[in-house]
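Take a look at the letters that make up each chain.
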Amino acid sequence: MTTKLFGEPVQRREDARLLTGQGRYVDDLGGPGTLAVAFVRSPHAHARILDIDVSAVLDVEGLVAVYTWEDLPGQLAQPLPLLIPHPALTHGRTALALARDLVRHVGEPVVMVVAEDRYLAEDACALINVDYEVLKAVVGIEEAVQSAQLVHEDVPGNVGAHLVQEVAAADGRDARQAIESAPHTLAFRLDIERSASMPLEGRGVFARWDGRDLRVYSSTQTSTSVRMAIAAKLELPLTNVEVIAPDVGGGFGVKIVHPWPEEILVPWAAMTLGREVKWTEDRREHFISSAHERGQVQHVKVGFDGEGRIQGLDVTILHDHGAYTPYGIIVPIITSTQLLGPYRIGAYRVEFSSVYTNTVQVTPYRGAGRPQAVFCMERTMDKIAAALGLDRADVRAANFIQPDQFPYDQGMIFQDGRPLIYDSGDYPESLRLLKELIGWDTFERRPGLGIGIGCYVEGTGVGPYEGGHVQVTSDGRVHVSTGLTSQGQGHETAFAQIAATELGVPIERVSVVTGDTRRFGYAVGTFASRAAVVSGNAIALACRKVRDKALRIAADALEADPRDLEITEGVVHVTGSPTASIPLSTVAVLSNPLRYSFDAETAKATQFAGTASYDRPPIAEGEEPGLEGRDYYSPLRSTFASGMHAAIVETDPLTAEIRILRYAVVHDCGRLINPMIVEGQIHGGVAQGVGGALYERMVYDSHGQLLNASFMDFLMPYATEVPHIETAHLETPSPLNPLGVKGAGEAGVIPVSAVIASAIEDAEGFPIDKMPISPSELFHLRGLG
Amino acid sequence: MEREITLVVNGVTRQVTVPVRRLLSDCLRHDLGLTGTHVGCEHGVCGCCTVLLDGDPVRSCLTFAVSVDGHSLTTVEGLAGPDGLSPVQRAFAECHGLQCGFCTPGFLCTATALLRDNPTPTEDEVLEGVSGNLCRCTGYQNIVKAVHRAAEIMAEES
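Chains as they are written, first to last, in my numbering: chain A, 930 to 1714; chain B, 6 to 163.
By construction, these hints were calculated from the structure, which means they are not laboratory data.
All C-beta atoms in this analysis are idealised placements derived from N, C-alpha and C, irrespective of residue type, glycine included.
Certain hints may be false.
Capping the alpha-carbon separation at 30 Å, the derived lysine-lysine pairs in DSS-like fashion look like this [what the hints assert, rightly or not]: (1) A:K933 with A:K1478; (2) B:K150 with A:K1364; (3) A:K1699 with A:K1065; (4) A:K1230 with A:K1699; (5) B:K150 with A:K933; (6) A:K1230 with A:K1364.
Over the 12 Å line for every Cβ pair with chain B, so calculated as not near, a few chain A residues [said to hold, decoys possible]: (7) G936; (8) V993; (9) Q1007; (10) E1164; (11) L1366; (12) V1503; (13) I1548; (14) E1552; (15) F1695.
Listed next, the stretches of chain A that the computed footprint assigns to chain B, with coverage defined by at least 3 CB atoms under 8 Å from CB atoms of chain B [stated by the list, open to error]: (16) 948-955; (17) 1416-1424; (18) 1613-1621; (19) 1648-1659.
Could you put together the complete structure from these sequences and hints?
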């Protein structure tokens, strides 16, 4: 493997088109004749639909069709799928593609309008009259739990799911017993508010029907599963449906949910009308009709010894999942399992109730329950340190799982339904690097200047599987495809680095396609920091198959032993003898015996070329034509990346403004495929974390109106709000997969709220138990002080 | 109500008939087929739709197409020169200043105007200069780096 690109900061192959306006996002598709869709959405958080009057729109110029629930046929009229059932989700509920008699959040789609363009479609929406009987809305976790009003009449107490998980201490005691007998105990409450993925490109769907086949472009994180959902909902044979995720303008979790109502309604309209149809979500729609995350209330009890070692931890979580549960209870499951972080604690009990409210549904947003988990555990560590008068880093170190304790079984079941066993890591070394990077031991705190720390472990690369297909064509090009999708992570580059390294070809000859079911039909999707791990390894394995085949064919042609061959710069040659060689392009030609030639190269494989043996058929038994290979990687279980962040924060004594002066990250995602890309993922994650810590929240009023559903009012950080991020990497390879990699996509965001809270607490001298925190909230806390 | 307007887009004179309420962003994208200009919020906050109007950055989602009748526009499609990518485009690639690419056209247009007016910006000037554009992927660090790098490339090549 002389063409070594694995581990190098290779510049991105996506960039040329994205820098010149040649990217193809969903809204860029479709010609002048494409019809546009707009939706009438519920203005009420909870209401009964009494009547829908569309008569005023029927004469609107450019109107093509108006659909309500009553128009939807068969499966399309049934509730949307509950994607991830779980025994604890006893009362899972999903929405209808268009509301029938009840709406349960502002933004729920009620009427679909199709018109010649979007302006006309929105004109028509404004003329449709929906008569509602407004019902009392359930807003906020506490109101949900009080259950004076129900979001779903058949869900008592508004509780969708309830789950208790317990891990006993080594001596058999449970968490509550361990806490009771511990030398020290603490009890407290923590709050985290809602935020959202908020990709700059919203969702979008474009569909084309040719009378037999349906092609759908969707801004999705899972094209293969959207395809299956569309086939099921529209009752089409799977083979007649293809789904493509074109360039996608960010996902961060929200686009893993599927099928969205629009993802099945738009294709159905295209089939019904026989026209190309497109819907592009606008920003307000994204705020009120896609998904949010993060909102939780946590009640914590902890027992610990004089050195800060946790003997028992008991956490009760109230999780607000909004109006519906299409993505199951993945978020609170991740919170409750990843809460343990890099620590080896005595006994653990975690109980969560996942409750309905009349607000936008809650599904994973980058970090997916982990920011809340880490907030909980790291606040706990800081409180233990404060109670004992110990250094906060020392308390963490006292609880770390040690490098010689891997694999470490936390005794729980993780979000993939498999054991929560950490594969590898070096937490003490990580902490040492972090303390050095931020200058922990020499930092001098003073009022208004504080330092904070946060540690996390992230289960990445969850299964069940991904696949890779690799084909070398007779022009020497290498075509790689995998089914999962890309939203800016640089997969075309990272996967090409893997293929170029494995095959020994120049990266310029490698092209990568993701998220196109025409190229690869079996996949799960892009989420849970899994693409590099699962698709990356699948592509490596597929490349190894291709390499083996290339060496077999080349050995035959060169009359050499395959074991003496290597591939360098796209040429197979005998090790140590560069003249005895054959280009991969020729190997590709030889791999595919031809009757017909179309150029000089392929003429070598035709039937009168004199290269074939008469003793065996042109395709030998057990072989297939073509220099290509397909393989899958199905992980035994998740691989656990980790990291630690620290920040120095200044708070203004008068205005209570909060400024992050320094931000340091130590990150361990196993072997790095492309350090430049990993670094970029961390930067972006930290920026979202800063948003979640200091600025972003979803402000609902008591009627369930989202008051800040615009970029004017929902404050995402600009360049001026994000600190310079200093990073150091640790590479603890994963023993679980051939490449030794772990996921990196979500890492940056996970501990930020915990770190900033820790630093503000240090600067101010009173507890910070609620995030995000604004200057006025900090000012208010000072007043209570 | 429709009106015929003339726009000089990326140096090419284009005539187009648009409803008077047509946003410039929609006109560029859907009437002229220049889909490189993106629309992220349609209320003038995110900056994805930034184009250069007579050389200065504007939000094309807050501008009616008919309002710029007779004016010159540069979109992301017009930033590259005959010799290839502009220094700003090259610097963004070199510094990994983009991930999903959706906000990128707005940043490129903004940075192009910034460096034309101030070829040697300070750290604060760059921060301030790009702080009207949202990016959800990069955390901005590499965007800021790219703007400085572009200034360097322009200095080297001038």
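Evaluation of the provided hints:
| no. | hint | verdict |
| --- | --- | --- |
| 1 | A:K933 with A:K1478 | holds (21 Å) |
| 2 | B:K150 with A:K1364 | holds (26 Å) |
| 3 | A:K1699 with A:K1065 | holds (27 Å) |
| 4 | A:K1230 with A:K1699 | holds (17 Å) |
| 5 | B:K150 with A:K933 | holds (27 Å) |
| 6 | A:K1230 with A:K1364 | holds (28 Å) |
| 7 | G936 | holds (16 Å) |
| 8 | V993 | holds (17 Å) |
| 9 | Q1007 | holds (33 Å) |
| 10 | E1164 | holds (33 Å) |
| 11 | L1366 | holds (16 Å) |
| 12 | V1503 | holds (38 Å) |
| 13 | I1548 | holds (43 Å) |
| 14 | E1552 | holds (41 Å) |
| 15 | F1695 | holds (30 Å) |
| 16 | 948-955 | holds (count 7) |
| 17 | 1416-1424 | holds (count 4) |
| 18 | 1613-1621 | holds (count 5) |
| 19 | 1648-1659 | holds (count 5) |
Hint compliance for this structure: every hint is met.
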